[in-house]
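Spelled out from the first residue to the last, the chains are:
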Amino acid sequence: MHIVVCIKQVPDSAQIRVHPVTNTIMRQGVPSIVNPYDLFSLEEALRLRDRLGGAVTVVTMGPPSAVESLRKCLTYGADRAVLLTDRFFAGSDTLATSYALSKAIEKIGAAFCAPDIVFAGKQTIDGDTAQVGPGIARRLGLVQLTYIQKVVACDTAAGTLTVERRAEGGTQTLATRLPCLVTMLEGVNEIRRGTIQDALRAARAEIVTWSAAEAGIEDVTRCGLRGSPTVVKRVFAPPPRAEKAATVDVSGRPAADADALLDAVVARRPALATDLATLIAGY
Amino acid sequence: MSEKPAAPAPAAGRAAMKKELPEHFKAYRHVWVFVELERGHVHPVSWELIGEGRKLADKLGVELAGVVMGAPGAGTLEAAAEAFAYGADLVYLVEHETLGDYRNEPYAKALTDLVGTHKPEILLLGATTLGRDLAGAVATTLATGLTADCTELAVDADKSLAATRPTFGGSLLCTIYTLNFRPQMATVRPRVMAMPERREGRTGRVVPFTPDLEESAILTKLLSFMPDRTSAKNNLAHADVVVAGGLGLQSAENLQLVRRLAGAMGAEFGCSRPLVQKGWMPADRQIGQTGKTIRPKLYIAAGISGAIQHRVGVDGADTIVAINTDANAPIMAFAHLAIVTDAIRLLPALAEAVTRRFSPHSRDRIAG
Numbered sequence: 005m006h007i008v009v010c011i012k013q014v015p016d017s018a019q020i021r022v023h024p025v026t027n028t029i030m031r032q033g034v035p036s037i038v039n040p041y042d043l044f045s046l047e048e049a050l051r052l053r054d055r056l057g058g059a060v061t062v063v064t065m066g067p068p069s070a071v072e073s074l075r076k077c078l079t080y081g082a083d084r085a086v087l088l089t090d091r092f093f094a095g096s097d098t099l100a101t102s103y104a105l106s107k108a109i110e111k112i113g114a115a116f117c118a119p120d121i122v123f124a125g126k127q128t129i130d131g132d133t134a135q136v137g138p139g140i141a142r143r144l145g146l147v148q149l150t151y152i153q154k155v156v157a158c159d160t161a162a163g164t165l166t167v168e169r170r171a172e173g174g175t176q177t178l179a180t181r182l183p184c185l186v187t188m189l190e191g192v193n194e195i196r197r198g199t200i201q202d203a204l205r206a207a208r209a210e211i212v213t214w215s216a217a218e219a220g221i222e223d224v225t226r227c228g229l230r231g232s233p234t235v236v237k238r239v240f241a242p243p244p245r246a247e248k249a250a251t252v253d254v255s256g257r258p259a260a261d262a263d264a265l266l267d268a269v270v271a272r273r274p275a276l277a278t279d280l281a282t283l284i285a286g287y
Numbered sequence: 016m017s018e019k020p021a022a023p024a025p026a027a028g029r030a031a032m033k034k035e036l037p038e039h040f041k042a043y044r045h046v047w048v049f050v051e052l053e054r055g056h057v058h059p060v061s062w063e064l065i066g067e068g069r070k071l072a073d074k075l076g077v078e079l080a081g082v083v084m085g086a087p088g089a090g091t092l093e094a095a096a097e098a099f100a101y102g103a104d105l106v107y108l109v110e111h112e113t114l115g116d117y118r119n120e121p122y123a124k125a126l127t128d129l130v131g132t133h134k135p136e137i138l139l140l141g142a143t144t145l146g147r148d149l150a151g152a153v154a155t156t157l158a159t160g161l162t163a164d165c166t167e168l169a170v171d172a173d174k175s176l177a178a179t180r181p182t183f184g185g186s187l188l189c190t191i192y193t194l195n196f197r198p199q200m201a202t203v204r205p206r207v208m209a210m211p212e213r214r215e216g217r218t219g220r221v222v223p224f225t226p227d228l229e230e231s232a233i234l235t236k237l238l239s240f241m242p243d244r245t246s247a248k249n250n251l252a253h254a255d256v257v258v259a260g261g262l263g264l265q266s267a268e269n270l271q272l273v274r275r276l277a278g279a280m281g282a283e284f285g286c287s288r289p290l291v292q293k294g295w296m297p298a299d300r301q302i303g304q305t306g307k308t309i310r311p312k313l314y315i316a317a318g319i320s321g322a323i324q325h326r327v328g329v330d331g332a333d334t335i336v337a338i339n340t341d342a343n344a345p346i347m348a349f350a351h352l353a354i355v356t357d358a359i360r361l362l363p364a365l366a367e368a369v370t371r372r373f374s375p376h377s378r379d380r381i382a383g
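From first to last, the protein sequence lines stand for chains Y and B. Heads up, the numbering used here is the position in the first sequence plus 4, with the first residue counted as 1. Heads up, the numbering used here is the position in the second sequence plus 15, with the first residue counted as 1.
Take these hints with a grain of salt, some might be off.
[As the list claims (entries may be wrong)] List time: in silico PhoX-like cross-link candidates among lysine-lysine, alpha-carbon distance up to 20 Å:
| hint | chain 1 | residue 1 | chain 2 | residue 2 |
| --- | --- | --- | --- | --- |
| 1 | B | K236 | B | K124 |
| 2 | B | K174 | B | K70 |
| 3 | B | K236 | Y | K154 |
| 4 | B | K174 | B | K41 |
| 5 | B | K312 | Y | K248 |
| 6 | B | K174 | B | K134 |
[As the list claims (entries may be wrong)] One side only, chain B facing chain Y, incomplete, derived with CB under 10 Å:
| hint | residue |
| --- | --- |
| 7 | D116 |
| 8 | A123 |
| 9 | D171 |
| 10 | T202 |
| 11 | D243 |
| 12 | V291 |
| 13 | G294 |
| 14 | A337 |
| 15 | A348 |
| 16 | L365 |
| 17 | V369 |
[Said to hold, decoys possible] A few chain B residues that don't get close to chain Y, going by computed Cβ distances all over 12 Å:
| hint | residue |
| --- | --- |
| 18 | G66 |
| 19 | A89 |
| 20 | A100 |
| 21 | E112 |
| 22 | G219 |
| 23 | Q265 |
The set of hints was computed from the structure by calculation and includes no laboratory data. Beta carbons are placed, not taken as given, at the ideal position from N, Cα and C, and that holds for glycine.
All chains should be built: construct the whole structure from the sequences, respecting the hints.
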């Protein structure tokens, strides 16, 4: 069984700080990590491989430095890594990204073995769109299974996959045919540490690097800014509120400060006193 | 191919490049809202979008259509009637046996075909699990732009859809256009837009559409559906009072202080995203762009600095109280009331004070 996992290298948003005066983001020195949502999909792929045999190939589109995130995935136990990197990809929106990745996955299929399952992260922590996974599925003509909380069964001989999917208001159990694209929900499994052998192998591993042409992309106008139907026209700081926050004076004694704060709350919206009394009574 | 190094053009330069819309897109008119109907129940985000779509359609001088999809008789006509009550001019009624429970394949095909037949200029969906799953597939099939999780939608002077959403990491918003492709697609999270007024007796046209679907051609089968027990679900999105904690609380243990204050107030509790990433609170308690959007009467943010992702999740709150040691934290720019102090010390005192002042069972009241 061959599984391809799409990942993205992202800035560690937990370590991004906002400049207190200019109110802009300070990205200098912020480390890059594998998009945390992708790791749940990677782990699920590794579990399937461990159970059913085969190989896991990790692929990303990004700058040459994204090789570090691929190496990280190898330390977790992925078998092979492919980096798709080319200046033609700069400025890709989700449609252009899904195009490039789908071409790379086709090439991976031709170079190694056609995948039975393609995994992608639920969404990234920088773009947050949740659009690239479904985009890849459409491009490759695969069934898409998003927000999966459990892989119930995978029968490679019969070519079937059964999953539990988080839906609005409940959980669906769905059965489908391989090949398909799956995005896992966060927190549904725990990413392994990886073995020492994996770490050693990862350190030595050669990571396959493809340009657009090497990935079989003949029409680069479908990539990057030119291949992106969406255009970012304006980037701006959100306007501050017209009324500035009223500051409650601090005495240093928590009990007095708590009372002062409640006074200020009720002074601003007297109805809140009744609301709170009702809420507390009903609780 | 040109040999010149293709330095990516600056976004602003490209944005000015609005070409004449390709001829085949000129017939694309009207604003559509996908009405998310599942198991006979319409997600409230659909009515919020009907309200927003109404404004866009009026600005453009076009009609507003709701798209209702489902199995025949499974609440579809009721959903259409509601869409009219909330402001739709017409409803595309897409009924088929395969559209009972949501599955991507038949829904994506039916919606794509409907777009191809009736050609909307703008197509809006809720950023729910269903809406995001469907929108991504449909936009890719149509090879058009899709802007996720918008916080503001507008029509600009040249009648393009201006979709505003937070951009990554920190404090900025960006406005995104789909200039040369149609439809212009966007998703919006629940509770970001206000609920429109419902007008009893308002009606409109129903336009039936029969999708070309066959169960035998659909690879994915629904084996079962297990509904959530409503009692186990938190009510964060609809709570009147919400207390939330951020990194300023310093440890997972200190989140108890947030829970205790929420308990004392009969409120719901939540947190900002870093805490979910640290595993301090489950993801369904996250407030903000990628978590829940809330519109409470009172919101207390303890030790939350207030990145834009958090701000957009709470902007609809009537009164925002910030408790933070940093008087320059971004949250101070959108809080209504601020107290510059350590939330770890203030929260327990606040819980006591709330009980003392507002609880009908409190000892002070009985004594008084």
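Here is what the structure says about each hint:
1. Only pairs whose Cα atoms come within 20 Å are accepted, and K236(B) paired with K124(B) is accepted, the gap being roughly 16 Å.
2. About 13 Å separates the Cα atoms of K174(B) and K70(B), which keeps this hinted pair within 20 Å; it holds.
3. Restraint check for K236(B) and K154(Y): the C-alpha separation of about 16 Å stays at or below 20 Å, so the hint holds.
4. Note on K174(B) and K41(B): the hinted pairing holds, with a Cα-Cα distance of about 13 Å set against a maximum of 20 Å.
5. Using a Cα cut-off of 20 Å, the hinted pair K312(B) and K248(Y) holds, with the two alpha carbons roughly 18 Å apart.
6. For a cut-off of 20 Å, the pair hint linking K174(B) to K134(B) stands: about 16 Å separates their Cα positions.
7. Because the smallest distance between the Cβ of D116(B) and any Cβ of chain Y comes to about 7 Å, under 10 Å, the interface hint for this residue holds.
8. The interface hint given for A123(B) holds, since its Cβ lies 8 Å from the closest Cβ of chain Y, which is under the 10 Å cut-off.
9. Taking 10 Å as the C-beta contact cut-off toward chain Y, the hint placing D171(B) at the interface holds, the least distance being around 9 Å.
10. Checking T202(B) against chain Y: minimum C-beta separation of about 9 Å stays under 10 Å; hint holds.
11. For D243(B), the shortest C-beta to C-beta distance to chain Y is roughly 5 Å, which falls under 10 Å, so the interface hint holds.
12. Proximity of V291(B) to chain Y holds as hinted, the smallest CB-CB distance being about 8 Å (cut-off 10 Å).
13. Because the closest C-beta pair between G294(B) and chain Y is about 8 Å apart, less than 10 Å, the hint holds.
14. For A337(B), the interface hint holds, since its Cβ comes within 10 Å of a Cβ in chain Y; the closest pair sits about 7 Å apart.
15. For A348(B), the suggested interface contact is upheld, since its CB lies about 4 Å from the closest CB of chain Y, less than 10 Å.
16. Hint status for L365(B) relative to chain Y: holds, with the closest Cβ pair at about 4 Å, below 10 Å.
17. Below 10 Å, beta-carbon pairs count as interface contacts, and V369(B) has one with chain Y at about 7 Å; its hint therefore holds.
18. Separation of G66(B) from chain Y is adequate, the least Cβ-Cβ distance of about 20 Å exceeding the 12 Å criterion.
19. Distance check on A89(B): its Cβ is at least 14 Å (rounded) from any Cβ of chain Y, clearing the 12 Å threshold; non-interface status holds.
20. Chain Y leaves A100(B) outside its interface by the beta-carbon criterion, the shortest separation being 22 Å against a cut-off of 12 Å.
21. Distance to chain Y confirms E112(B) as a non-interface residue, since its nearest Cβ pair spans about 17 Å, more than 12 Å.
22. For G219(B), the non-interface assignment is confirmed: its Cβ lies about 26 Å from the closest Cβ of chain Y, beyond the 12 Å cut-off.
23. Here Q265(B) stays apart from chain Y, with its beta-carbon at least about 14 Å from theirs, past the 12 Å limit.
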